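Sequence lines, in order, name chains U and Y. The first sequence begins at 1 in my numbering and counts up one residue at a time. The second sequence begins at 1 in my numbering and counts up one residue at a time.
Please note: incorrect hints may appear among the correct ones.
Okay, the calculated beta carbon distance ranges per label pair [said to hold, decoys possible]: (1) Y:V15 x U:S50: 57 to 67 Å; (2) U:V153 x Y:V15: 32 to 42 Å; (3) U:K94 x Y:I72: 30 to 40 Å; (4) Y:K7 x U:N98: 52 to 62 Å; (5) U:I86 x Y:L99: 36 to 46 Å; (6) Y:R88 x U:G53: 36 to 46 Å; (7) U:A88 x Y:A34: 30 to 40 Å; (8) U:L70 x Y:L99: 19 to 29 Å; (9) Y:R167 x U:G53: 53 to 63 Å; (10) U:L78 x Y:K7: 40 to 50 Å; (11) U:A52 x Y:R167: 51 to 61 Å.
Chain U side only, calculated, beta carbon under 8 Å to chain Y, not exhaustive [said to hold, decoys possible]: (12) K12; (13) A14; (14) V19; (15) W23; (16) V25; (17) A102; (18) I108; (19) P110; (20) W115; (21) V193; (22) F198; (23) I201; (24) V224.
Note that these hints are calculated values from the structure, not bench results. Predicted, not measured: the structure shown is a model, and the values here were computed from it. Virtual Cβ for every residue (Gly too), placed ideally from N, Cα, C.
One-letter residues, chain by chain:
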Amino acid sequence: MKRISSSTPLIKLAGGVLVLGAWEVVVRLFAPAYVARPTSIVRALPQALSSAGMLAAAGATLRAVVAGLLIAVVSGTLVGLAMGRIKAVDRLLKLYVNGLYAMPMVAILPLITIWFGYSSAARLATVVFAAFFPIAMNASDGARSVPAEYLEVARACRARWTDVWFGITLPSSLPYLLAGLRLAIGRALVGAVVAEFFISIDGLGYFILFQSRTFHHDAAFVAVLLLAGFAVGMDALIGWVTRRHLPWYRTAAA
Amino acid sequence: MNTEARKVRWATYAVSVLGGAALWELAGRRANAAVAAPLSATLLRLWEMIETGELSASLGGSLALFVAGFGIALFTALPFGLLLSRARVLRVALSDYILLVNAMPMVALIPFILSIFGLELGAKVLVVFLFCFFPILYNTIEGADSVRPELIEVARSYRSGEWAIWRDVMLPGTFPYAMTGVRQAIGRGLVGVVAAEFFLSASGIGQVLMTSGRNFDTAGLLATVLVITFLGVALMGLGRALENRFTAWRGLSG
Chain U
1 MKRISSSTPL IKLAGGVLVL GAWEVVVRLF APAYVARPTS IVRALPQALS
51 SAGMLAAAGA TLRAVVAGLL IAVVSGTLVG LAMGRIKAVD RLLKLYVNGL
101 YAMPMVAILP LITIWFGYSS AARLATVVFA AFFPIAMNAS DGARSVPAEY
151 LEVARACRAR WTDVWFGITL PSSLPYLLAG LRLAIGRALV GAVVAEFFIS
201 IDGLGYFILF QSRTFHHDAA FVAVLLLAGF AVGMDALIGW VTRRHLPWYR
251 TAAA
Chain Y
1 MNTEARKVRW ATYAVSVLGG AALWELAGRR ANAAVAAPLS ATLLRLWEMI
51 ETGELSASLG GSLALFVAGF GIALFTALPF GLLLSRARVL RVALSDYILL
101 VNAMPMVALI PFILSIFGLE LGAKVLVVFL FCFFPILYNT IEGADSVRPE
151 LIEVARSYRS GEWAIWRDVM LPGTFPYAMT GVRQAIGRGL VGVVAAEFFL
201 SASGIGQVLM TSGRNFDTAG LLATVLVITF LGVALMGLGR ALENRFTAWR
251 GLSG
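All chains, please: the whole structure from these sequences, using the hints.
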């Protein structure tokens, strides 16, 4: 046990070499020449990362994802808190929130293009739609899990409802909100990429589609790596914020 | 008192459903027919789709695709995950990379699959498979990490054979986590089905969505979205039931 943990980084490195090596060999032996493999991706990396097209695409996608997440966090938190605090609101909205959360969001794309046209507004709408429901669901779970004593003390002190909502309920449901945000980030990225495929507007998704259609798989794969980097980076940021500012919550409920 | 409360609860649910239906009907009537359809028109169109067999044919195709991709993923990811759960060195070597791939938006790989495998049926199964494979694998490994090494040591010191260790320690320890993965895979797999039917060769429920969207058959589009929503809710419920059954047995919660 001790021996393994002291050589862990080496083992991980060996695992990486193994995976990349297997990929390289399989593609060289069995796949056509244009298919991406580690060495060809590394060779394409500098040019792809410095090309204006790729940077513009990455910026467009990232902006849409961040803007959509912001809208979804604010609106989802408000709706979720209302559902968690007010029973009638919960019963009125629960069916719809649960149902739309379970619906595969890709299916909404044709409808969104009818409502928003083939524009970046449609992409934003897709991202908001993808991110809203996990946040609202987790916020309402969080608001319900506030310890009853807190609320009793607040009532005894005649706290205003705004204080109960935003001074007590919101902070104590933060771990749930962060868990919801983690789910939402993954879904928002998928939403942005899928929308770009569907409506062909500038962004990493469309970049991947265009480059792989013209058999530039290496450049396209660099864009995939960027997307994966966004996903992992945002997740790490949330983990860091949690540890930094909410150290008493170990891992939030998923 | 209790029955009174139950009555109130059902009444609010009824208000929720009827209110949503009325809102949909009114909004649909006021809007342009190309943009939205009232609930009544949507339900009529749904009935028409059921009667002509259009719905069952496309739904059947989509479900077959789902079962194929999900089934292959289940029968490969589960054994592989269990293998990794005993082979500790291999697990340490690979788990970071599996985490990374699991966090990656898998839709981004669809253009590559399109350009390498074209419009064959196998390409779509591959997409669904990829969507389902990594959540199952990732969670199974997570379960293996949660099995305390002391348990294996104790089993070993009582001279448990490999089979006994599997039966008494590894399977009960990893299975609840694997079921969480299965639940996630069901949700992602459904997204994969619709995405594959959109972006690879059009078929099934995805094709119905595409064509009704393109023809501004908004009632047909909304009817199909309604069907997919119910499908999503049903599959998600199934996944959650599976998960709860096994986490309850383990005495785990959350």
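Hints that the structure is at odds with (numbers, increasing): 4, 10, 15, 16, 23
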